[in-house]
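Trainee: The primary structure of each chain is shown beneath.
Protein chains: 2
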Amino acid sequence: MYANTPNPPYYAVIFSSIQTIDIKGYNETAGRMLELAARQPGFLGVESARETLGITVSYWKDLESIKSWKENSEHIIAQEKGKQQWYSSFKTRIALVERDYEMM
Amino acid sequence: MYANTPNPPYYAVIFSSIQTIDIKGYNETAGRMLELAARQPGFLGVESARETLGITVSYWKDLESIKSWKENSEHIIAQEKGKQQWYSSFKTRIALVERDYEMM
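Protein chains in written order, with my numbering: chain C, 3 to 106; chain Y, 3 to 106.
Among the clues, some could well be false.
Since the list gives no way to pick one copy over another, a pair counts as held whenever it fits inside one copy or between any two copies.
[To be verified] Mimicking BS3-like on lysine-lysine, the simulated pairs with C-alpha atoms at most 30 Å apart in a straight line are:
id: 1; residue 1: K72; residue 2: K93
id: 2; residue 1: K26; residue 2: K85
id: 3; residue 1: K26; residue 2: K63
None of these hints come from the bench; they were simulated from the model.
Model the full structure from these sequences, guided by the hints.
Mentor: In structure tokens, the structure reads:
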């Protein structure tokens, strides 16, 4: 449930989105992207939740691993579908995690 | 719904949590904290969503504004209630947003 991230520093990609009403095919593609992302070098984990706004935070070793994932060919197709069909809006923020603490 | 953040750099506090079954008083306090946070110097906005896992990302001008908010006396009491009663676990990550892009 929680991403099991290592000690900082590492990167977070904070993806906030609002879906359209036409989410046909979304769940299958989201599941497939999770599977693919998990196999990418530098992938550290992901956390997500959705009410009206959805927030998905994926964690990565460095900027290079984020770039490689963004340029993955199957992921590019999914990103296009997202822009055309599934999301009415989104915002992506790329952030360097400097510190973390927890109660587990 | 989206936090209306300025151009990077700025900071994100990514707070992931799982609640207990005893969330009496949670909503009132969460609403009050939002109200208080919004009045803090350096507060830039907040986004949140909860399924089983809840993710709240608050955005701040700099580390000093995050520190001041963490040390706000009313907020300290709320944090204690969170640890004792409302959250079974949580993880907080403090991250420097270096880049963002959007489709709005």
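Trainee: Give a verdict on every hint.
Mentor: Hint by hint, here is what the structure shows:
no. : hint      : verdict
1   : K72 - K93 : both (15 Å within a copy, 26 Å between copies)
2   : K26 - K85 : within (14 Å within a copy, 40 Å between copies)
3   : K26 - K63 : neither (32 Å within a copy, 39 Å between copies)
The earlier numbered hint that this structure contradicts is number 3, and it is the only one.
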